[in-house]
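K.L.:
Read top to bottom, the protein sequences are chains A and B.
The working numbering numbers the first residue of the first sequence as 1 and each following residue consecutively.
The working numbering numbers the first residue of the second sequence as 1 and each following residue consecutively.
Please note that a few of the clues may not be correct.
Stated by the list, open to error - Below 20 Å or equal to it, Euclidean Cα-Cα: the simulated EDC-like pairs (lysine to aspartate or glutamate) are:
hint: 1; chain 1: B; residue 1: K16; chain 2: A; residue 2: D5
hint: 2; chain 1: B; residue 1: K59; chain 2: A; residue 2: E380
hint: 3; chain 1: A; residue 1: K8; chain 2: B; residue 2: E105
hint: 4; chain 1: B; residue 1: K118; chain 2: A; residue 2: D5
hint: 5; chain 1: A; residue 1: K8; chain 2: B; residue 2: E30
hint: 6; chain 1: B; residue 1: K124; chain 2: A; residue 2: D5
hint: 7; chain 1: B; residue 1: K8; chain 2: B; residue 2: E30
hint: 8; chain 1: B; residue 1: K126; chain 2: A; residue 2: D5
Calculated from the structure, these hints are not laboratory results.
The chain contents come next:
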Amino acid sequence: MNLADMTKMGFANLWRTKLRSTLTILGVIIGIGALASMVSFGTGMQKNFTDAFKRSDLFTSMNVTPGEINFNELSHGDLSSISNLMNKTPEPLTDSILERIREIKGVAIAFPEETFPGRVKIQHEETSTNIQPFPAHMAEYHPFNELLAGSFYSDDSSKNVIVRWELLHNMGLIVDDPDLNIRLTKEDSINGRQIIPADSIIGKTISITTATINRDLPKNPLGILMNRDFQPFSEVELEYTISGILKRRDEFALFRFRGGVFVPLETARSIPRLNFSSVWDILNKNRKEGAYSSFYVRVNKMEEMTRVREEIENLGVSVFSISDQLAEMKRAFIIIDSLLGAIGTVALIIAGLGIINTMIMSILERTREIGIMKAVGGSENQIKTIFFVEAAFIGLIGGIFGLGLGWLVTRIANLIVKTQLMDFDAPEMDLFYFPIWLILGAIGFSILVSLAAGLYPAIRAARVDPVKALRHD
Amino acid sequence: MDKKIRIKDLTKIYRKGTIEIPALQNVSIEIEPGRFYAIVGKSGCGKSTLLNLIGGLDKPTSGSIYFNGADLAEMSRKDLVIHRRYNVGMIFQSFNLILSQTALENIILPMIFTGIPKRERIAKGKILLEQVGLADRITHIPNELSGGEAQRVAIARAMANEPEVILADEPTGNLDSQTSEEIVNLLVKLNKDKGLTILMVTHDLETAENVSDKIIRLKDGMVI
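The shape of chain B in the complex, shown without the other chains:
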């Protein structure tokens, strides 16, 4: 099977009333499996939109995204749910953890949706927490965690259903430089050790150049 993510003529136009705001225009890229991509560009250039489209959270206005040979643009809402469950894991700038749940519960949530038995998912959740270095934070709720710790929990959650691709939307945007480095290193480690494809949106060109195999530059919704 074709393991590449093939993006062809991808266009996304947001409508606000009668005004059309183009977020992405005719973007065509190919993502090789197991590599680390950095997506850079100014804010509003369409980076997050690209990630949301690959993550199946949104549907393109036109164009196609081939993932494992299937076009996300053609998928039903149900199929997109399957895509989000098993194919990709998402990480956000603002962590997006459920504030009322503990670190472990947050990690377990995706496994509840995929129907993994309770005992199994708890065991797996603990292993994941250990892997991101938070074995002692199992029962802490997000407000009791530092920014770096919260993002590690989010990374562990993204990996819960063993996806092939991690989509990280400015994962270091809210973190200080030292913590940022730790998070980026964690992503690099996942890329190297587990062979995960990583797409990381970032403002930080220096980091992007240091860690990524390839940089995708976006400007006004177009690849440059």
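Isolated chain A, as found in the complex:
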């Protein structure tokens, strides 16, 4: 008796009781459908998250800050970092530290990460935003490598700047994006705004107005009160050219740079500014010249993170990177996936009970037949196998169609979410994900559960007493 014979027999037996088999298989289809769509949701969530992280370079970048209390050590009862902090002042982030970081093997780029507030004006539109000094080198990386329009400035002394789509939007300049289906809101229409082509912004002049503390204090502090013309702040207006527009960020993509306008690194040095991230700056006291509050460091490859990180830490500064949280996030996703999987498994277990029920019914009906098989030389194992093949068939068909059902459900759910819950112009996104392991796993699991459900009936069939069975009506 080979597999082809058994398969044929098993299928013929199912075919004989079409309605009952169909209903049983339907139970499995629903179970697998539920399981597959649940797990696919969990996987999709994880994938969207991880993809967003990868796109936003969070796995390859880190933040360097002056030496701080190590909370990790602290939570483990290690107080050495506190005493360290008490004994020595934290290492300031100076240009020399930056140079040393840049020399570390594997570091692709490192620059001070800072923003300062400013007012920007394009034609007659005006708004406030953050100005971020930014190296031209970053043009290589996402999202700066795929601008909506124009091009990234080519060197750090350029007079060109990059603006974000959102900044222009705040100013009432609604720039079209063929990928995003940008539409006007009611408010926009009332204000007479129009969608304008992206190219119309490129080459336009943008003026940036920043404030700085007026250091020319009168010798007599009372003079501040007496001199009505005294302004504690003075403003400077500088003009630049817009060379590129950064694409609109979708809600799920993490974007770590706060700037609304990106200015070449060297050019930015000449812009006077108030750096509120440093209190010392306002008080103009104890500030070490050329010290920054944080550095952005990017490595070439994800694998180099740990080593580069250690080398930077050896310089006496602190490093934070989101990849630290990765393990924890993965754990969270495993829990979510397990919960979703458990709900689906409950459905499948119910389907499994349906299989047991169907097969026991089938055995009761076919008792005589089993007796005949035994009388003409069928062994217990062969009879068991026939019933196992039947169960496996239910599992296989149920698994394949269940996967189809799950896929269909996720498509519908995705469509509903897209049309009902999300902004009409939100970018394309799939909440669900069917990796190959889920597809094969769902079918495999379906067969496995069906076989498990068929175990008891098959053993029962094999144990049928032929003498009684042949007398059976």
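Since chain A is already given, all that's left is putting chain B on it; use the hints.
P.N.:
This is chain B only, laid out in the frame that chain A set:
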């Protein structure tokens, strides 16, 4: 090898709850190869039980059945499967064909269990159908066959794995007298032409006397 079937002190007791029902008591007979035996007796005398025990469908309470020198009473369940496959072919009063399968499929079933390749077993099944005179009934299911035809299919099935012994449990019990005669004649023919040992349980003493070489009479589970 000893070709005789030696049955010694064979006892079979069925238990229903605490009540013991003796079906066979100390039966000792010897079955010579190639001969036609008729087993007669009233219903409940243990005829079918004797056949089931020889056929390896059941195990005796005590005693032994030597078949080709091996005691069925001592055999494992696996060995009994082998015994049923190759040594004996069984025929029943109610035919016991699988109702969802065609005549040919029913005949092929024992050969599926013994692992004969598909092409071979189909060819052999057709030859067997021809031998029992049903060459034109290959694709008919049991419900489309007459009682006589169904029993012929059962006989063909019993011969599928070329056993030495045919165990027929009232093969004519459900048939009219003319069809009964045809079936008995078929069994006689198999006995004469192929040298098969036949053990046929029957109510019909006249037929038994006409066709058999020897009659075994049973009463209340004992040979008389």
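K.L.:
For each hint, tell me whether it holds in the structure or not.
P.N.:
Quick rundown of the hints versus the structure:
no. : hint             : in the structure
1   : K16(B) x D5(A)   : violated (39 Å)
2   : K59(B) x E380(A) : holds (16 Å)
3   : K8(A) x E105(B)  : holds (12 Å)
4   : K118(B) x D5(A)  : holds (9 Å)
5   : K8(A) x E30(B)   : violated (43 Å)
6   : K124(B) x D5(A)  : holds (17 Å)
7   : K8(B) x E30(B)   : holds (8 Å)
8   : K126(B) x D5(A)  : holds (18 Å)
In this structure, the hints that do not hold are numbers 1, 5, in rising order.
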